[in-house]
Amino acid sequence: MEGILSNAVSILVVGMITVLLILWMVVVVGNVLILLTNKFWPLPEGKGTDGSSTVTANKMAAIVAAVQMYTGGKGKITKIEKE
Amino acid sequence: MQEIFSNLFEMTAFGAITWKTVLMWIIAFVLLYLGIRKKYEPLLLIPIGFGVLVANFPGAEMGIVDASNIELGEGRYKNLFEIANEFGILNFLYYSLIKTGFLPPIIFMGVGALTDFGPMLRNLRLAFFGAAAQIGIFSVLIGAILLGFNLNEAASLGIIGGADGPTAIYTTIKLAPHLLGPIAIAAYSYMALVPVIIPLVSKLLITPKEFKINMKEMDKKYPSKRKIKNLKAVKIMFPILLGTIVAIFVPSSVPLLGMLLFGNLVKEVGTATSRLADAASGPIMNTATIFLGLTVGATMTAEVFLTPKTLGIIVGGFIAFAFSITGGILAVKGYNLFVTKKINPLIGATGLSAVPMASRVANELALKYNSGNHILQYCMASNISGVIGSAVAAGVLISLV
Numbered sequence: 005m006e007g008i009l010s011n012a013v014s015i016l017v018v019g020m021i022t023v024l025l026i027l028w029m030v031v032v033v034g035n036v037l038i039l040l041t042n043k044f045w046p047l048p049e050g051k052g053t054d055g056s057s058t059v060t061a062n063k064m065a066a067i068v069a070a071v072q073m074y075t076g077g078k079g080k081i082t083k084i085e086k087e
Numbered sequence: 558m559q560e561i562f563s564n565l566f567e568m569t570a571f572g573a574i575t576w577k578t579v580l581m582w583i584i585a586f587v588l589l590y591l592g593i594r595k596k597y598e599p600l601l602l603i604p605i606g607f608g609v610l611v612a613n614f615p616g617a618e619m620g621i622v623d624a625s626n627i628e629l630g631e632g633r634y635k636n637l638f639e640i641a642n643e644f645g646i647l648n649f650l651y652y653s654l655i656k657t658g659f660l661p662p663i664i665f666m667g668v669g670a671l672t673d674f675g676p677m678l679r680n681l682r683l684a685f686f687g688a689a690a691q692i693g694i695f696s697v698l699i700g701a702i703l704l705g706f707n708l709n710e711a712a713s714l715g716i717i718g719g720a721d722g723p724t725a726i727y728t729t730i731k732l733a734p735h736l737l738g739p740i741a742i743a744a745y746s747y748m749a750l751v752p753v754i755i756p757l758v759s760k761l762l763i764t765p766k767e768f769k770i771n772m773k774e775m776d777k778k779y780p781s782k783r784k785i786k787n788l789k790a791v792k793i794m795f796p797i798l799l800g801t802i803v804a805i806f807v808p809s810s811v812p813l814l815g816m817l818l819f820g821n822l823v824k825e826v827g828t829a830t831s832r833l834a835d836a837a838s839g840p841i842m843n844t845a846t847i848f849l850g851l852t853v854g855a856t857m858t859a860e861v862f863l864t865p866k867t868l869g870i871i872v873g874g875f876i877a878f879a880f881s882i883t884g885g886i887l888a889v890k891g892y893n894l895f896v897t898k899k900i901n902p903l904i905g906a907t908g909l910s911a912v913p914m915a916s917r918v919a920n921e922l923a924l925k926y927n928s929g930n931h932i933l934q935y936c937m938a939s940n941i942s943g944v945i946g947s948a949v950a951a952g953v954l955i956s957l958v
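Heads up: the sequence lines are chains D and E, in that order. Just remember that the numbering used here sits 4 ahead of the position in the first sequence, which is counted from 1. Just remember that the numbering used here sits 557 ahead of the position in the second sequence, which is counted from 1.
Because the hints were derived from the structure by calculation, they are not lab data. Possibly wrong hints are sitting among the right ones.
What the hints assert, rightly or not - Think about it this way: if two alpha-carbon atoms lie no more than 27 Å apart in a straight line, the pair counts; the simulated DSS-like pairs of lysine-lysine are:
{"id": "1", "chain 1": "E", "residue 1": "K925", "chain 2": "E", "residue 2": "K777"}
{"id": "2", "chain 1": "D", "residue 1": "K80", "chain 2": "E", "residue 2": "K925"}
{"id": "3", "chain 1": "E", "residue 1": "K773", "chain 2": "E", "residue 2": "K899"}
{"id": "4", "chain 1": "E", "residue 1": "K899", "chain 2": "D", "residue 2": "K63"}
Just chain D, same shape as in the assembly (with noise of 0.2 Å):
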C-alpha cells in the first residue's frame, strides 16, 4: 500500500509539473507565433487583427441570418471584409 501512495505521490507532481510545463509551452509558442507574424506578415489594421474584427456582434448576427435565410440554411460565412 505504502509503494502505491508513493508511486500516486509521484504521478501526481510529474503529472502536474508536465500539464504546466506544456502549458507554459503554450504560452511560450503563442507569444513566439505572434511575435513572428506581426514582423514578417502582418496585415492592415482592422483585417484579422485581433480586435474582434470591425463587424459587431449585432452585425454579424443580422449578416449569418440573412445568409442563412437566402441559402436555405446551406451556405457558411467565411470571410467578411470592407470594400
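Go by the hints and put chain E onto chain D.
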C-alpha cells in the same frame, strides 16, 4: 398443451428477468429521462441510456462480454468475425471501435474542428489556469487508492476531474476497461451538472468583491503591450507547432491532442479544407458519438455495474470535479496577490474542460454580481487550455501508471 406453453415461456425473456435486470432498466430509464426531458448532455446520455437498456435485455446478447472471453492465450485474440458471430453486433463494435481506442481521438478531431483558439491566443496568460484545474485528477488518484482502488482504476477515476468525456473514456480503455461504463456515466453526468457544480464551489471560495472583478475594465486600465496583427496566420501555425512540441514531450497524449490539433488546423485553413472540417465536426463526429454512446452503455451489464466500486466512482468523480474547480479558483486568487491587473477567479473555475458550458456558466455567474461584467471570452481562454491540460494529464497517466 402444457408443453407448448412451457416452450413458449422459455422462448421469451420472462424467465431470465431478475431484480438486477429490473434495476438496470430503471437506471437506463433515468439516463434516458435526464437526456430527453432534462436535456443533460442528450447527445451522449440518450445513446448511453439506450445502450444500457439493450445490454440488459436477457437473451438479446447485446451486453459487452469480459475481455477474457475473447482471449486465445499468448497475446492472441479472436478475430472480429468470430466476436460478431459469438457475442453479437455490440461486442463487434466495442472490440473494433472502443477497445482499440479508436473513437475518442476521432471525437477529439471533431472537437478540434469546433474549437476556436482565438480567445486563448488573445489572453495567453490565462492559459496557465488550465493547468491548476487538473489538480483534481491527481489528488483523487491518491484518494481512490486509499479507498481500495488499484493504481490503474484510481487513475481512471481521477481523470473524471478533467471534465472531458472522450479523455476519460480513452484513459479508462487504456488503464481499467472493466470500469468503462460507470466512469463514462459519471464523467458525462457531472459534465451535465456543470451549471450546478461550478456555482456551488465558486460561492464557497470566491468573495462578492472578487466576483465583481471586471476583466474589460482591467484590460482598459492595463492594456496589453502586444496586438495580434495577423490572427489567421497565428491560428494556422499554432496547432502545427504546438502539436510538434507536445509530441516530443508527452508522446502518449498525441492520439488525443494530435487529433484535436489536426481538426483545428483544417478548420483554420479555411475554404480550402472546409469540407474536411465540416466532415470532422459533422458526420464523422456524429457517427462516432452514436457508436461511442451505445457501446459504452452496453458495457453496463448488471454484473459489472451493480458493485460497490460504482458507488466509489460516483462519489470520487464528484470530488475530482470539485477539486479541479477549486484548484483553478485558488490559483487565480494566489496570482491576484502578486499583480495589480487582477483576474476574476471565475476564470480559474473554467480551467477544467467542459467547453463551452463551463465558460457560459461562469459568465452568467459574473453577470449576476455585475450586469456589465461579460467574462465569456476570458473564460474560454482557460477553458480551452483546460482541454489541452486534461489531454496531457491523460497522457501522463497512461505513461506512468
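Hint check:
Distance hint between K925(E) and K777(E) is fulfilled; the C-alpha atoms sit about 22 Å from each other, no more than 27 Å. Proximity of K80(D) to K925(E) is assessed by CA-CA distance (about 34 Å); at most 27 Å being required, the pair is judged violated. Taking the CA atoms of K773(E) and K899(E), the gap is about 11 Å. The hint holds against a cut of 27 Å. At roughly 32 Å between alpha-carbon atoms, K899(E) and K63(D) are farther apart than 27 Å, so this suggested pair is violated.
Taken one by one, the earlier hints fail for this structure at numbers 2 and 4, listed in ascending order.
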